[in-house]
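Order-wise, the sequence lines are chains C and D. The first sequence begins at 1 in full-length UniProt numbering and counts up one residue at a time. The second sequence begins at 1 in full-length UniProt numbering and counts up one residue at a time.
By construction, these hints were calculated from the structure, which means they are not laboratory data. Don't take each hint at face value.
[Stated by the list, open to error] Here are the simulated DMTMM-like cross-link-like pairs (lysine to aspartate or glutamate), alpha carbons at most 20 Å apart as the crow flies:
| no. | chain 1 | residue 1 | chain 2 | residue 2 |
| --- | --- | --- | --- | --- |
| 1 | C | 216 | D | 191 |
| 2 | C | 216 | D | 162 |
| 3 | D | 216 | C | 191 |
| 4 | D | 216 | C | 347 |
| 5 | D | 216 | C | 283 |
| 6 | C | 216 | D | 347 |
| 7 | C | 216 | D | 241 |
| 8 | D | 216 | C | 317 |
| 9 | C | 216 | D | 317 |
| 10 | C | 216 | D | 283 |
| 11 | C | 216 | D | 238 |
| 12 | D | 216 | C | 241 |
| 13 | D | 216 | C | 238 |
| 14 | D | 216 | C | 162 |
[What the hints assert, rightly or not] Output of the computed footprint for chain D on chain C, the stretches with three or more beta carbons under 8 Å from beta carbons of chain D:
| no. | region |
| --- | --- |
| 15 | 211–218 |
| 16 | 223–229 |
| 17 | 239–249 |
| 18 | 262–268 |
[Stated by the list, open to error] Take a look, some chain C residues computed to stay more than 10 Å from chain D by CB distance:
| no. | residue |
| --- | --- |
| 19 | 86 |
| 20 | 113 |
| 21 | 235 |
The model shown is predicted, which means the values in this text are computed figures rather than measured ones. Beta carbons: idealized from backbone N, C-alpha and C, even for Gly.
2 protein chains.
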Amino acid sequence: MPVQRDHASEIAAITSHPTFKAAVEVLDADHDRTVADIITLTEIPSPPFKEDRRAAAYLEMLRAHGLEDVEQDEIGNVMGVRRGTGNGGLIVVAAHLDTVFPEGTDVTVRREGTRLHAPGIGDDTRSLAVLLAFIRALDAAGIRTRNDILFVGDVGEEGLGDLRGVRHLFSKGRYRDQIEAFITVDSPQVDKIVVGGVGSKRYSVRFKGPGGHSFKAFGIVNPIYAMAQAIVELGRIEVPETPRTTFCASIVGGGTSVNAIPEEAWIDIDLRSEAAEQLARLDARCREIVAAAVEQENAIRSTSEGGITVDIRTLGDRPAGNTAMDTDIVQFATAALQAHGFAPTHEASSTDANIPMSLGIPAIKIGSGGTGGRAHSLAEWIDVEKAASVSGMTASLTTILAVAGFVGE
Amino acid sequence: MPVQRDHASEIAAITSHPTFKAAVEVLDADHDRTVADIITLTEIPSPPFKEDRRAAAYLEMLRAHGLEDVEQDEIGNVMGVRRGTGNGGLIVVAAHLDTVFPEGTDVTVRREGTRLHAPGIGDDTRSLAVLLAFIRALDAAGIRTRNDILFVGDVGEEGLGDLRGVRHLFSKGRYRDQIEAFITVDSPQVDKIVVGGVGSKRYSVRFKGPGGHSFKAFGIVNPIYAMAQAIVELGRIEVPETPRTTFCASIVGGGTSVNAIPEEAWIDIDLRSEAAEQLARLDARCREIVAAAVEQENAIRSTSEGGITVDIRTLGDRPAGNTAMDTDIVQFATAALQAHGFAPTHEASSTDANIPMSLGIPAIKIGSGGTGGRAHSLAEWIDVEKAASVSGMTASLTTILAVAGFVGE
Numbered sequence: 001m002p003v004q005r006d007h008a009s010e011i012a013a014i015t016s017h018p019t020f021k022a023a024v025e026v027l028d029a030d031h032d033r034t035v036a037d038i039i040t041l042t043e044i045p046s047p048p049f050k051e052d053r054r055a056a057a058y059l060e061m062l063r064a065h066g067l068e069d070v071e072q073d074e075i076g077n078v079m080g081v082r083r084g085t086g087n088g089g090l091i092v093v094a095a096h097l098d099t100v101f102p103e104g105t106d107v108t109v110r111r112e113g114t115r116l117h118a119p120g121i122g123d124d125t126r127s128l129a130v131l132l133a134f135i136r137a138l139d140a141a142g143i144r145t146r147n148d149i150l151f152v153g154d155v156g157e158e159g160l161g162d163l164r165g166v167r168h169l170f171s172k173g174r175y176r177d178q179i180e181a182f183i184t185v186d187s188p189q190v191d192k193i194v195v196g197g198v199g200s201k202r203y204s205v206r207f208k209g210p211g212g213h214s215f216k217a218f219g220i221v222n223p224i225y226a227m228a229q230a231i232v233e234l235g236r237i238e239v240p241e242t243p244r245t246t247f248c249a250s251i252v253g254g255g256t257s258v259n260a261i262p263e264e265a266w267i268d269i270d271l272r273s274e275a276a277e278q279l280a281r282l283d284a285r286c287r288e289i290v291a292a293a294v295e296q297e298n299a300i301r302s303t304s305e306g307g308i309t310v311d312i313r314t315l316g317d318r319p320a321g322n323t324a325m326d327t328d329i330v331q332f333a334t335a336a337l338q339a340h341g342f343a344p345t346h347e348a349s350s351t352d353a354n355i356p357m358s359l360g361i362p363a364i365k366i367g368s369g370g371t372g373g374r375a376h377s378l379a380e381w382i383d384v385e386k387a388a389s390v391s392g393m394t395a396s397l398t399t400i401l402a403v404a405g406f407v408g409e
Numbered sequence: 001m002p003v004q005r006d007h008a009s010e011i012a013a014i015t016s017h018p019t020f021k022a023a024v025e026v027l028d029a030d031h032d033r034t035v036a037d038i039i040t041l042t043e044i045p046s047p048p049f050k051e052d053r054r055a056a057a058y059l060e061m062l063r064a065h066g067l068e069d070v071e072q073d074e075i076g077n078v079m080g081v082r083r084g085t086g087n088g089g090l091i092v093v094a095a096h097l098d099t100v101f102p103e104g105t106d107v108t109v110r111r112e113g114t115r116l117h118a119p120g121i122g123d124d125t126r127s128l129a130v131l132l133a134f135i136r137a138l139d140a141a142g143i144r145t146r147n148d149i150l151f152v153g154d155v156g157e158e159g160l161g162d163l164r165g166v167r168h169l170f171s172k173g174r175y176r177d178q179i180e181a182f183i184t185v186d187s188p189q190v191d192k193i194v195v196g197g198v199g200s201k202r203y204s205v206r207f208k209g210p211g212g213h214s215f216k217a218f219g220i221v222n223p224i225y226a227m228a229q230a231i232v233e234l235g236r237i238e239v240p241e242t243p244r245t246t247f248c249a250s251i252v253g254g255g256t257s258v259n260a261i262p263e264e265a266w267i268d269i270d271l272r273s274e275a276a277e278q279l280a281r282l283d284a285r286c287r288e289i290v291a292a293a294v295e296q297e298n299a300i301r302s303t304s305e306g307g308i309t310v311d312i313r314t315l316g317d318r319p320a321g322n323t324a325m326d327t328d329i330v331q332f333a334t335a336a337l338q339a340h341g342f343a344p345t346h347e348a349s350s351t352d353a354n355i356p357m358s359l360g361i362p363a364i365k366i367g368s369g370g371t372g373g374r375a376h377s378l379a380e381w382i383d384v385e386k387a388a389s390v391s392g393m394t395a396s397l398t399t400i401l402a403v404a405g406f407v408g409e
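If we strip away everything but chain C, and leave its shape as in the complex, we get (with noise of 0.2 Å):
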């Protein structure tokens, strides 16, 4: 039987500890260094699928804080360790470089008082310049851990990135199988710890026929209506609350004239669970009712022309999963931010906490401090009033502390 461990008790011991108190002077006194961080960093623009100038700058911020082994990975991810005392093994501290705005999109940071307002800024780039900021408090006060601490700045976790960076880490990274927990800081908000990940297939379903004049070929098939059909079929289907399981329909297009039956329309689809085989069964329905739409279409109409064919292709996968709530991770993480004075939830949510959690690996995502919102849109802003931002900020350094082993001396 595993000895019982008292999280809160081991939180507290880290917190009262004069080398942690050090560090949190530390983050105090650095506050504006952090500031200028995210502003610099905010300001070089990474969208999608074109982290790489941001990912240079990152590689050289972690190299000058004296991290050793620092390198970019085949995928783009940049990283560097910082090593524990020896008896540990390996935990991954992650924040992603990427945002969801694309190329062209005017990051120039507006600060009005403690508001800094500029796209992405909050997801995730004030936690890239928040790594920084807990790699220079823990060094300044010399602190050190059991674990090595492998800090990431990892690409791809919006959208169709499709957690790109982090799932290479997990399945061809030299870490690969050295990592034995992941803690994600993502985003500003430190009170909702992620302990679930939610799983999601999205696709893109193309439906083909050979089109035709709409006066003169009518009667043949129509890739529109085989889609429609099998767009009612989704909006059909049942799923269970719990684990929460979700369906929708989400970008629809097709066709190019109003006197044409079109030869494509298409699909776009997003399934998500909570639990991984309640994703699958979903996936599985939504597969049968395209064919079933397509053989349907084919059999209604003509095919005298030619028949309707489809094509399903995958525009995201990201696996299911879960931190169990009684995992040190999780116990860890929530007694540090009752230290704190914070009032911790724990939800599920799709981040790059995602991919070690179907592995089964221990993961949660965490925030970076502060407040902020308007997350993924042009409006995004975060506010770095010194107090709140240094409270959530101790806080999260607490929990990576517990999680790679803080040794007191």
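Assemble the complex: chain C is given as a structure, and chain D must be docked to it using the hints.
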């Protein structure tokens, strides 16, 4: 009981008359000039709703050809009168100024032997030049008609132009109460006489809803489901084969992000029939279907954030109509083609003639002569080989003279 006219004999009386033969010789001798006019007019772009430049040029050409009362009306049509002998009414001979090609399309004519390639060259620019050739031939041969002939270059025949030029001519134009017959010369082919006007109703049906996050807001109404339900029901409508009646879901769109329930989805629908009452029935059924689909979506999913609303915007409304086979205009055209060695067939289509047909005014579409193909594509071409061109032009001129009342001296 009306006197039964012998149309073939009347046609023979025209084609055997010395002045008619003289006119045909002019068509032949003048062919290079006609080809030059085709090129000149084709190279003046005339996109939908932007026929002004070509209209201005054609107005000057009509004036230079000695017509009376040359003018441009409020909607953009240009026209002029060739006076009859005064004991007849007025007939219209029209060709359309507009093409389907957008602004910026390269309309340079490329010549390969007797083939001319350019967007819009056959549909319907060639006909504009042919009307001028007819005027020159009639004048050179000294041919008179009983009726006044109003030569018209009209706007808005294609697509969303929705026949607005000819619609204006018959609803608000100064000649609206005097027109006894209408002949549109549209595209090269002469052996298919259009005697039926396929009516159409086209609309864009736009479904709107509150939109939301695909996972977090799951369960709320989605405009794509309402639209799909309407499309499926549209596809189930039963329509008669005769009079030919058709429907088409043509263009579909909506949504912006794969992880969002969209705020909008729309479908462009094309409804057609050779019979006005069938078209009206189809239109009514389609509107019922849309309303029911919206109602269903609002009933089966949550409207807590707002319900689905729908807006139907008319894209086109072309009245159905036809000119009976036993009318003089159809009989003259048929006999004229036969007299020149063609084997005419009779068809229904959607042309400028729909408007007078729907008003009970005798109307047909005839051809400009020669051959052509790939209309409405960038690869559009015509062949201006002289013998075939003049033969087709001669048949069409014969029809016009018979309808206008050829005066044999």
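Results for each hint:
no., hint, in the structure
1, C:216 to D:191, "18 Å, holds"
2, C:216 to D:162, "19 Å, holds"
3, D:216 to C:191, "19 Å, holds"
4, D:216 to C:347, "12 Å, holds"
5, D:216 to C:283, "19 Å, holds"
6, C:216 to D:347, "12 Å, holds"
7, C:216 to D:241, "12 Å, holds"
8, D:216 to C:317, "18 Å, holds"
9, C:216 to D:317, "18 Å, holds"
10, C:216 to D:283, "19 Å, holds"
11, C:216 to D:238, "17 Å, holds"
12, D:216 to C:241, "12 Å, holds"
13, D:216 to C:238, "17 Å, holds"
14, D:216 to C:162, "19 Å, holds"
15, 211–218, "holds (count 3)"
16, 223–229, "holds (count 5)"
17, 239–249, "holds (count 5)"
18, 262–268, "holds (count 4)"
19, 86, "43 Å, holds"
20, 113, "30 Å, holds"
21, 235, "4 Å, violated"
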